[in-house]
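Residue numbers (this note's numbering), protein chains in the order written: chain C, 1 to 408; chain P, 1 to 638.
Each hint can be trusted.
List time: in silico DSBU-like cross-link candidates among lysine-lysine, alpha-carbon distance up to 35 Å: (1) Lys617/P to Lys531/P; (2) Lys42/C to Lys442/P; (3) Lys218/P to Lys41/C; (4) Lys441/P to Lys17/C; (5) Lys218/P to Lys17/C; (6) Lys42/C to Lys441/P; (7) Lys362/C to Lys334/C; (8) Lys144/P to Lys49/C.
Rather than coming from a laboratory, the hints here were simulated on the basis of the structure.
None of these values were measured; they are calculated from a predicted model.
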Amino acid sequence: MMIGDRIKVQRGDITYKGTLMPSRDDSIVLKLDHGYNIGIKKDAKTFVKLIEKGKKIVPQKTPAPLINPCLSTVSILTTGGTIASKVDYRTGAVTSQFDVEDILRAIPELREIANFKGEVLYNILSENMRSEYWQTLAREIAAEIEGGSEGVMITHGTDTMGYTAAALSFMLVTPVPIVLVGSQRSADRPSSDNAMNAVCAAKVATSDIAEVSVVMHATMSDDYCLIHRGTRVRKMHTSRRDAFHSINASPIGKVDYSTREIETFAEYKKRDEHKVLVRDHIEPKCSLLKFYPGADPEIVDHYTSRCKGLVIEGTGLGHVSTEWIPHIKKAVEKGISIVMTSQCFSGRICDLVYDTGRDLLKAGIIEGGDMLPETALVKLMWVLGGTKDPEEVRTLMRKNIAGEISGL
Amino acid sequence: MKSVDYEVLGLRVGLEIHQQLDTKGKLFCNCPTELSKSGQPTYEIHRHLQVSESELGEIDRAALEEAQIKRRFIYKGYDTTCLVENDEEPPSPLNPDAIDIALEIALLLGMTPVDEIHTMRKIVIDGSNTSGFQRTAFVASDGKISLGDNLIHIDTVCLEEEAAQKISEDTNGVVYSLDRLGIPLVEITTSPEATTPGQVCSLAKWIGMILRSTGKVKRGIGTIRQDINVSIAKGARIEIKGVQTLDMIETIVEREVIRQVNLLKIKDELRKRGAKKVKEVLVDVSEVFDSPQGIGKPLKNNVVLAVKLPSFGGLILWEIQPDRQFFDELSDRLKRFFRGAFYTDGLPNEIGDDQIAGIRKKIGAGPDDCVVLVVDEESRARSALNAVIQRANEALEGIPEETRRALQNGNSAYMRPLPGAARMYPETDVLSVPISGERLKKINSSLPELICKRKGRYVREYDLSDDLAELIACSEQSALFERIIILGVSPTLVAKTLTATLSELRREGTPVQHLTDDHFIGVFEMISANKMVKEGILEVLRVLANTPSKTASVASSELGLEMLGKEDIEKLIMQVIESKRDLIKERGTDAMQPLMGLIMERVRGKVDGKLVSSLLKEKIYGGINGEDRKRGMGQSEG
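Just chain P, same shape as in the assembly (with noise of 0.2 Å):
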């Protein structure tokens, strides 16, 4: 696609990020926003849903689409959620730790926040809220960022709770767990400006570069999910949901770039044939197979149902993203009412060429005409081919308007129709909430220090690397970082302890999250006071991490890690000198780095290693009297 010119084709693209929020509470109850731990149910639910109709009076599209299957929800309750995840209570009020977040990020995004706050119910009838609505509510609006030398417009910001996590999905039903379902998150929409695939990218890094500046924010994989919007110029909006990773967003704009481009190749070759709207003619060619079992499945209760698609002869192979084809669109349709099989022209199937004759003559197919079959109980089979039937005709008007999937290799499969404004009505159980000036102000008032500054601000004020300080800013660690530098210990050393030293535990398997602000600081006090060596620090807060009711010190005396005294550090310097004359005569000043190596290993972590350089230097050094220091001092003895 490095050909493809974004510009030409009027490539638009906006983002929605949906970012879980690092409250105590849950969105509208006490429970906690963590998953649950023991990953255990406590208990177990059954649910469905139906439309309801909203307050307009008019059901939603995306809802009508949903409600027409069917479907059991299985939710799986733990000793974290209460009532109101099982709705089964009313919600408490809004919560207003989440509520402050979502200003503050609003103020940071240089967004205008509403006056007063209204939640609101957006069906969502997949099951992922056991309600059947999402609360959502909106917070502020008219943002603007600059991007390099763009400025891309900030629409809207709402407050959200967070969906059930969907577990598995089988002819049983669709199960959840509740432990995710109502965590707090902001749902942050840009306006689509971004034009290129690169740009989206940039975008989406530095909205999250906004939101870790919070401090607030949940961290990790699963807190953090892009929808991308894609249209261009002649195109359709399209709405790719679920993306959990910023490098793939590149990509997957690029196929769905692909995709559009080539659906609208089969327009106009669809208009170049002359193809018309497709009749809703099902006609049931069930007779034409002598032993239906010769097609996959047994007939008992069902048929075979058939229907034209005039002039898509052919069509149903192109290519529309690598690896998918005009036919998986229509799959992924008739997918969604229907468990029987599935047959169209140029797939392999097991049907006799006497039979697709037969069937071909019956509907009245020509040669330019696609058929497609398919074999299930009636009603089933009948949705199913309705289902073929309205993306046939959208084919012939282009792309329809679509909220897809993403998949992992960046192609999208079809999930729903892109929901209409019929899908929200007022949350009656929450009451609105008055957003002061005086909370403004006060949010306002210590907004936090941005990532991308905090990091230039390491690189100038600590001489910190320019990744060390990227590496510290982001973290979560970069307040305690503040703190312990004030003790006047080396930066270098303390980001790298943050980052690095902390990294090496984990992956060894202390359990680093024990761990407290106290213990980092408790070391590096040690560290100051010149009672313990930087090269002790792993040792130590290995300790800790495993019981964290020591303290540093404690933890050091018992490592045997204090420091030594320059005598003691002599006396040993000397002891290795006796023992190794031999070494020394041998290999003069090449002797350093073995005999080093020998006196570290007994003190590590006890010593300043440039301490027993200099003072091991000086011993060598000591007899060798203005001779070339190279011969050493093995000759000069000699």
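If we strip away everything but chain C, and leave its shape as in the complex, we get (with noise of 0.2 Å):
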């Protein structure tokens, strides 16, 4: 018997009838006319019996909408993530399995802001993406905006999301809208954040705003969202809707989703400023590692003994044990890049008021400023990624080139 078959099961005195659905385990889990799931355990005393086979569910398709001339056009690449995800029959659990179509069927209001044209880049969630996926990305999004897209959307999990913005800031010089967007609440239910999420991207994306930036819901209701910097953005909730925030720097502006007007309220590069320009030069080989009070000092040697940079998320200037810095600075001496950022994300790391601070810059450490720990591990990877010099990335690492840092 297969999945959507109509059974019949008898069980002891009773008698249920409705379609088979996937199960998790040995139970039978039918789906009753009346809609309500319910598991049947399979024993002896179970009788399952074929009444019809099931049929097909064959996906509608809205046929291809027609091109609206006044409008601009807009490439939305989709990678996965809740914006854009679907029941498992399978597993029972939502997964992301959604096209360009699919994004505009469930979301109509798109259609009223922009042309769009798209491709599934991946499907994943975004805890499954690695560093070659955002090389790949930056590469695609170059090709569209070659291609003659006037501003780029990529759907993607929230997971990560804020680790591919500060990528794609560092990879790509662009003269259009590069917005990331995402749900925090999953889109097979009706109050999905995704919709207002998406409207409000989209409209960044035809904006003058050529900045790669995340766009999300800024509070628990749904009024408007605001303009994140790719490389000043982490997710700062588990599930809320206004989990992003920007770190350490204003947001570039909002989005008001009723009006769908935009105001800024920082610096930002203008549309057309620049030309597209892709430097998708990584190395993967890097690691954050957090330290905490009591932490092995050899831990350090383990990281730097397979990576050839490492951040470190120290405490609150940017400390840790005196028992690491010679592990510190032994792996300096082997050529190693070591960045100090803070776990407290908020504020800037400054290792001359103590001792401690002191060595560690005499231990050779780079400080990462206010860079979010993320994004200096992604800044990291990319500057290791153009150069082996560790005086060239010292430097760069130190200089500001997507927004990532301040106070220089």
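Hey, can you piece these two chains together into the complex? The hints should help.
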């Protein structure tokens, strides 16, 4: 018997009729006629009979929409994530499996904002992202821009959206807006934040803001989205709609959902100021290490034995225990670049205040300024992808490339 | 409707009873299941909802219709609500206590529980659930109960989360309160086997009795709601929602029967007139109005659209239910899309005769045809008239299947189409819960005594009157009642204390909710030990409710209610007799009552009235010495 077949299950005195559904375990899951699912144990008292073979469910497809010549063209590249998800019969879990047409069908308002084209680049949960995917994504975006797209939207799982946004910020010089968008509450629920986020992202994609940005809910309400700079944004809540925050910098602006108007409150690069440029070099052998009280200094040796670059999330102003310092010094001497950031996230590194800090500087760490640890990691990968010279790495890590660091 | 023969009409009625469960936490989070005490919201969120596809790729018709109306929902949150109610966090696993209560109810109704409970999402996008769906789980099926000579099948018991409470609705949106959202409730669905309005009412009462027998369901207004499914043989299934009082059930069923009978009459009339399906031709008749302001609303961005309903002439005013006409059936539908003005034949309006004639001419309406006009922004006007056309076409077929809202007078108004199965899909954030044989065995072995049986036992074993037995058996105090009478006090006194006395205290504003079981037990221990008389109960309970830290004995001694010894009473009686000698002389034995009053005034609560009465008699009659007692002491002395 197949999923979708109509069956009859007799169990003791009771008979259930319904459609066979996927089961996570040994039990039979049946969708009864009024729509409820139930689980039925399979044992000697259980008898199953086929009533009717199931009909194959053909997903509806809408015809290709007419092009509105008054609207600009925006590419949507999908990588997966909850902005575009459906129930998976096999596991009963929500998975990502929508293409651009599916997104437009789910969010018809988008058609009022732009003409869309695009492709499914990946269909992965964002925790499965890898640095080589960032490279492919950057090249695909550049190809879309060269192909005439006036803005690019990337749908992305929210978990690692900040990393991808940072990577694209370093890899691309762009004449058009590049907007990452996702949803915190799955798209298969009527309350999903996907529609508002996508609509606001599309507005940004057709705007003058030629930056890599993340556009997501600003509050728990469906009122407006914030436009976060790709190198400054961090997911700060596991589940809330307003999980994304700009850290150590103001967001670029906001988009009002009801009026669809954009208001900016920070400097940004304007449309067509630059030509598209891809610099997709990357050194994936970099790590991010969080210090904690009593952490074994050999952890540093372990990490540095297998990476070219290491970002440490130190305490406070950028500290680790005194015990760690000789290990760090040894690694730096071996030519490994070590960047200090703070587990406070907010605020900047200053290793001149306390002895430990001064010793760390002497050991050769690079101060990460007010960079987010994750952004520092992505930047270090990118910088090391371009140069192996430790002094050049040091210089570039301390230089503002894509709005990721300030106060230099 | 007394002349209505329900058997001939083929009346079939089923009930859906929604009962809140009295668990500590909600169904999918640990927030309290009480409404916010302060009533003061601590935050507010605004949302929109959109239709999502169900797992089968279909969109439910009820959900689709709701989605066509773009609405803003405003949710008021409290210090007692959390991210789960806000739809900002995945739900916790199904509350095991709620599952146990649902299973207990299922077993009391003779049902078979499922092996594994799966939580579903039922799409509801009227905003009453922040997620856009109600989480609901099928717990058991296939039960039956006997109602007189009839056997009524109980189809299903489901465990559901309660919806948010609607506070208000205006052009800004619909305002909901989040404190009620997520309270566990059971939904009990009966088979449509009740055949008279009276039977429906008895069925609801019987199920209500079973629910209360568990002692684990919430009491009070709004904690139980009935939805009624009504159909007649030639009619359609209509679900009437939100019936909060049992008294209204009969009227609602009666009036729905009237509605269906009258709608069938309209269908027959339309057939007789040879009515054909109404075509979706909407005509812009704005130009007919020279002065558009004359029709009630500035025409600025608005249009006047008209539709012809062929052969519907005059039917608009046919009565469907007392005080409701066919017109109301149309207007219920169109009001959902539309805020402008609406006119049709036969209703009072400000449109000139020549304008009406112009419109009728323009759309080619003959004398037998009905014309409906709407004035609004064009897209809304179109949606509204399309809704009218749909309803008119349904009239040709008979009665559309609908979910309706109970009105106060027993009539009902349209809410939405009956939802289909397509609105259900699995709640992927909640794991299924297997129900083990041991769990069922445990629940089965401790099923509660039904209130009806409890009442019989109270009459039999404790000699309570029928009314008092019913009152205490139904009350939340029945367990306490049984604990107290073990002390050897009068069951009637205990039952009265726990019902009438408590009511009296509540009425006068005493905070009786502060009274604990121990307070009551303390009071009756004193009664049982003759340390206090029953007349003092009310006063002691009042003190305890106001200062719950006190004990019954402290309260009674502060009130000076310790029992007087026999000697003290005799002394007092003698004092009174001395002071009222004249009265006794004058009235003889008739002086008994006023004397009793005088004494009791001074010793109420400190002495048993019966003892005073017998001592008083003894003292007064002591001097009569065989004389005719009627003549009294005064004469004997004389």
